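In order, the protein sequences belong to chains R and F.
With the numbering used here as the guide, the letters of the first sequence map in order to residues 25 to 454.
With the numbering used here as the guide, the letters of the second sequence map in order to residues 270 to 624.
Honestly, the hints are just simulated from the structure, not real lab data.
If you're wondering where the values come from, they're calculated on a predicted model, not measured in any experiment.
Where a beta carbon is used, it is the ideal one built from N, C-alpha and C, also for glycine.
Among these hints, one or two may not hold up.
[Claimed, not checked] Computed from the model, here is a short list of chain F residues facing chain R with C-beta under 8 Å: (1) Val346; (2) Trp560; (3) Val564.
[As the list claims (entries may be wrong)] Just the calculated beta-carbon pair ranges, DEER-fashion: (4) F:Leu537 / R:Met454: 32 to 42 Å; (5) F:Pro603 / R:Ile186: 36 to 46 Å; (6) F:Leu445 / R:Pro249: 50 to 60 Å; (7) F:Glu390 / R:Met454: 55 to 65 Å; (8) R:Pro330 / F:Val564: 51 to 61 Å; (9) R:Pro145 / F:Arg610: 11 to 21 Å; (10) F:Asp480 / R:Leu28: 54 to 64 Å; (11) R:Ala430 / F:Thr437: 41 to 51 Å; (12) F:Arg542 / R:Leu72: 53 to 63 Å; (13) F:Asp475 / R:Pro145: 23 to 33 Å; (14) F:Glu390 / R:Leu356: 51 to 61 Å.
[Said to hold, decoys possible] Sample of chain F residues with no beta-carbon within 10 Å of chain R, all distances over it, derived: (15) Ser278; (16) Leu292; (17) Asn295; (18) Thr358; (19) Arg377; (20) Ala529.
Chain residues, written in single-letter form:
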Amino acid sequence: MSDLLAARTQMALSLGFHIVFAEIGIAMPLLMVLAEWRWRRTGDEVFLRLAKRWAKGSAILFAVGAVSGTVLSFELGLLWPHFMQFAGPIIGLPFSLEGFAFFTEAIFLGVYLYGWNRISPRAHLTAGLLVAMSGAASAIFVVMVNAWMNTPTGVTMSGGQIASIDPIAGMLNPSSFQQSLHMLLAAYAATGLAVAGIHAAILLRKPDSRFHRRALTLALMMGTPAAILQPISGDVSARTVAIWQPTKLAALEGQFATERGAPLRIGGWPDVDAQRTRFALEVPRGLSLLAFHDIDAEVKGLAAFPRENWPPLPPVHVGFQLMVGLGTAMALVSLWAAVVMARTGDVMRHRWLLRALAIVTPFGFIATEAGWTVTEVGRQPWVVQGILRTADAVTPMPGLIVPMLAFAALYIGLSAIVVRLIMTMVRETM
Amino acid sequence: MSSASAFFSSIGLPEIIAGIMVLALNAYVLMGGADYGGGLWDLLASGPRRDAQRDLIAKSIAPIWEANHVWLIVVVVLMFTAFPLAFSTLAIVLHIPITLMLIGIVLRGSAFVFRSYGSSERRTRRRWGVAFASASTVTPIVLGVIIGSVASGDVATASGRIGAARFTEIFVSPWLAPFPIAVGLFALALFAFLAAVYLTVEAGDDAALRDDFRARALAAALAVAFFAAVALFLSRRAAPRVIEGVVGGSWAWLLHLCTAISAVTAILALWGRNFRLARLAAAAQITLILWGWAVSQYPFIVPMTVSIRQASAPSVTLTLLLIGLGGGALVLIPSLRYLLRTFAGRAAEAKESSS
Ligand code: HDD
Ligand code: HEM
Ligand code: HEM
Numbered sequence: 025m026s027d028l029l030a031a032r033t034q035m036a037l038s039l040g041f042h043i044v045f046a047e048i049g050i051a052m053p054l055l056m057v058l059a060e061w062r063w064r065r066t067g068d069e070v071f072l073r074l075a076k077r078w079a080k081g082s083a084i085l086f087a088v089g090a091v092s093g094t095v096l097s098f099e100l101g102l103l104w105p106h107f108m109q110f111a112g113p114i115i116g117l118p119f120s121l122e123g124f125a126f127f128t129e130a131i132f133l134g135v136y137l138y139g140w141n142r143i144s145p146r147a148h149l150t151a152g153l154l155v156a157m158s159g160a161a162s163a164i165f166v167v168m169v170n171a172w173m174n175t176p177t178g179v180t181m182s183g184g185q186i187a188s189i190d191p192i193a194g195m196l197n198p199s200s201f202q203q204s205l206h207m208l209l210a211a212y213a214a215t216g217l218a219v220a221g222i223h224a225a226i227l228l229r230k231p232d233s234r235f236h237r238r239a240l241t242l243a244l245m246m247g248t249p250a251a252i253l254q255p256i257s258g259d260v261s262a263r264t265v266a267i268w269q270p271t272k273l274a275a276l277e278g279q280f281a282t283e284r285g286a287p288l289r290i291g292g293w294p295d296v297d298a299q300r301t302r303f304a305l306e307v308p309r310g311l312s313l314l315a316f317h318d319i320d321a322e323v324k325g326l327a328a329f330p331r332e333n334w335p336p337l338p339p340v341h342v343g344f345q346l347m348v349g350l351g352t353a354m355a356l357v358s359l360w361a362a363v364v365m366a367r368t369g370d371v372m373r374h375r376w377l378l379r380a381l382a383i384v385t386p387f388g389f390i391a392t393e394a395g396w397t398v399t400e401v402g403r404q405p406w407v408v409q410g411i412l413r414t415a416d417a418v419t420p421m422p423g424l425i426v427p428m429l430a431f432a433a434l435y436i437g438l439s440a441i442v443v444r445l446i447m448t449m450v451r452e453t454m
Numbered sequence: 270m271s272s273a274s275a276f277f278s279s280i281g282l283p284e285i286i287a288g289i290m291v292l293a294l295n296a297y298v299l300m301g302g303a304d305y306g307g308g309l310w311d312l313l314a315s316g317p318r319r320d321a322q323r324d325l326i327a328k329s330i331a332p333i334w335e336a337n338h339v340w341l342i343v344v345v346v347l348m349f350t351a352f353p354l355a356f357s358t359l360a361i362v363l364h365i366p367i368t369l370m371l372i373g374i375v376l377r378g379s380a381f382v383f384r385s386y387g388s389s390e391r392r393t394r395r396r397w398g399v400a401f402a403s404a405s406t407v408t409p410i411v412l413g414v415i416i417g418s419v420a421s422g423d424v425a426t427a428s429g430r431i432g433a434a435r436f437t438e439i440f441v442s443p444w445l446a447p448f449p450i451a452v453g454l455f456a457l458a459l460f461a462f463l464a465a466v467y468l469t470v471e472a473g474d475d476a477a478l479r480d481d482f483r484a485r486a487l488a489a490a491l492a493v494a495f496f497a498a499v500a501l502f503l504s505r506r507a508a509p510r511v512i513e514g515v516v517g518g519s520w521a522w523l524l525h526l527c528t529a530i531s532a533v534t535a536i537l538a539l540w541g542r543n544f545r546l547a548r549l550a551a552a553a554q555i556t557l558i559l560w561g562w563a564v565s566q567y568p569f570i571v572p573m574t575v576s577i578r579q580a581s582a583p584s585v586t587l588t589l590l591l592i593g594l595g596g597g598a599l600v601l602i603p604s605l606r607y608l609l610r611t612f613a614g615r616a617a618e619a620k621e622s623s624s
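Only chain R is shown next, with the shape it has when bound in the complex (with noise of 0.2 Å):
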């Protein structure tokens, strides 16, 4: 494994760890407060207990999230140094920003977690708030970061160099608002319908359970808004990426020619060699459609563009199929329960429903990392698009398998002994 592959397995693998947690530490921090709220407002000490569990568990995982975090920071200039050195000085302003808001986010954690009997509950429910909006604003700021990574704005270059920077438009570039949507609403989705999958599971068992009712409905009422607004979304996105980085448009719909009234194409695999898209089901004039709104529009293939400019194909394309599909699940389930909720007040009753809720459970995190590998492998070889590549941005300290073994094994550790931490609290509440 050369040096480059192994510093980018190791990026992945981190970034791919931490997303979880920190889509969960977006995410519970609301549906804690959500719960505090009802018990405060009710008196029904069922919300008191789902709250007080719900935020023991989240305790680990936020733990997990922040060192993990800690990791990505440094190895940002451990694996990328020259990436950083050059990138620093422009997205340098939203990590700092990013800092302030994981500092609010710790403090009243602290305060929510230890607090319960030393502050009146107003402030204890205020905390929690504030929990819940630094997480959401630290995603922010990390996410214009990347952003900035597929759409830098706000550097000129002259001959290989900085000319001049302009960090305001860097934070502001033309991906910043679109991500930043896309990724919120991924953690909302993510967590509330696996915190909702996992009760319909047992509600399947223990139909009579009002801690679980009370938990599957507080948990939908969070995901499923959240899970039917995505694929809009995620539209955005897409037309975003058509217009700034029409290779990885190519890449992620495996259009290898340039044609008008271009096919939506669902499912298949890129044949890099042949230059076409194998076995997938064809949607005429789909995708002109989608990207840029117009059944005609002109969508320019990957043979438009120098082959050592290509990402690689397999996994974007199928990472975007898998994120779709996953999405579109997601949505559907999510309006399912919209409607049973609406006409009959009571979703616990249809088997199937809670049935459909428990195999979705997954379905979020794993688009999440299906949607991660469409941005970061689709701008390959790029690290900044158009500007520098990974090749040149990469760490000249060689045998960087080594660490990355490291990590791998701790990375694996861990969430062995997460998952398995997580279940035997679930099992405490059955």
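With chain R's structure known, arrange chain F with the ligands on it following the hints.
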């Protein structure tokens, strides 16, 4: 006198940001450092009150360690935003110790929550406790090693020879050397001292427990003095620049005097059981040591080649950063005060409410 006025006239935006960076490191050492020290005392807990000691340590750390930990992230972010050249130089040459430190940080944080929230079975908890405590002990040593190797100037030298020297000469020998290791042990001793002093206050009016930590603090003070002497001795050869700054600079004698005064005050206050004064003096002592190191390196970030000015980002970045830091501080300072007030003396109160 003239050197002092030259110093002040050379202060610009880059120096201000560098100062804030040292301030953040200072906060990390005072707050996060004590959390590491707590881990060491968990490892070394002994005597009839062994479990009570571990309990007090866990209760003092639990609500605040995540917040304390963010200071380190602030240091890193400031470094790559404001001094990208310094960041990349350090990240390349010190890849191995930084990675070791990260693994320590991950193990320590996760083991701590696994112990608090995981199985209530005694044996499992103890196993997580040992993992937490060992990682807490190793991590500050590595942090000290990193600081020591930067101070020695070997990092900069190695950085200039990338591609022209063997792997070990660039990536290993700058930090795996007597002086950095002595600084690492010095850092561990300092954190242990700080933690023990804090814990005497945290113990509230449990006199027996308080005296346990008083004895530990006094022992740690001896270790601090010992490793300071070793580091100073080794630095004559390994880090002549630092030693020149530390003993020779025009401000140095003043800093030294203050450091010595706080060290003696801390020990006397411990002896006389004035624990709050001891805590203040110990914090002052560590602060002065850190700033002594920073001032001795000035104007270099990575001595002897990368200076603050050379490494600094364009002024537009620094200006925006300063504005951002100002705005952030407005949020941070009241929140932090609220946190510390909410949990002040928590261990003592917890006992009240349970009895
Ligand atoms: C719950 C998770 C989830 C779900 C259900 C979806 N996505 Fe997504 N998607 C993400 C989670 C995600 C993500 C992991 O959060 C990404 C990675 C980068 C980003 O901004 O969001 C992403 C990126 C991403 C990108 C690339 C943006 C870029 O490279 O700048 C596109 C084009 C889409 N998505 C489109 C969609 C569509 C059309 C969906 C229809 C159902 C969809 N996503 C569902
Ligand atoms: C602010 C956020 C992010 C930054 C600054 C960032 C930065 C980077 C960098 C520098 C690389 C290495 C170069 C490359 O291979 O592209 C990389 C790779 C990668 N990142 Fe991101 N990333 C961010 C967010 C994410 C997230 C959240 C994920 C997923 C969970 C992710 C997934 C990946 C993957 C899969 C790779 C490997 C790409 C490959 O193997 O080709 N990224 N990222
Ligand atoms: C290169 C990319 C990234 C870096 C360097 C990074 C850095 C960090 C750091 C240092 C922390 C710990 C803060 C603490 O001590 O409390 C953290 C936590 C967090 N990060 Fe990331 N992060 C990255 C990617 C992301 C992405 C893409 C998201 C978007 C969802 C995200 C969202 C969060 C959240 C919400 C938390 C707090 C939640 C928790 O503690 O579990 N991060 N991150």
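Taking the numbered hints from earlier one at a time, note which ones the structure violates and give those numbers from smallest to largest. 2, 3, 4, 7, 11, 12, 14, 18 and 19
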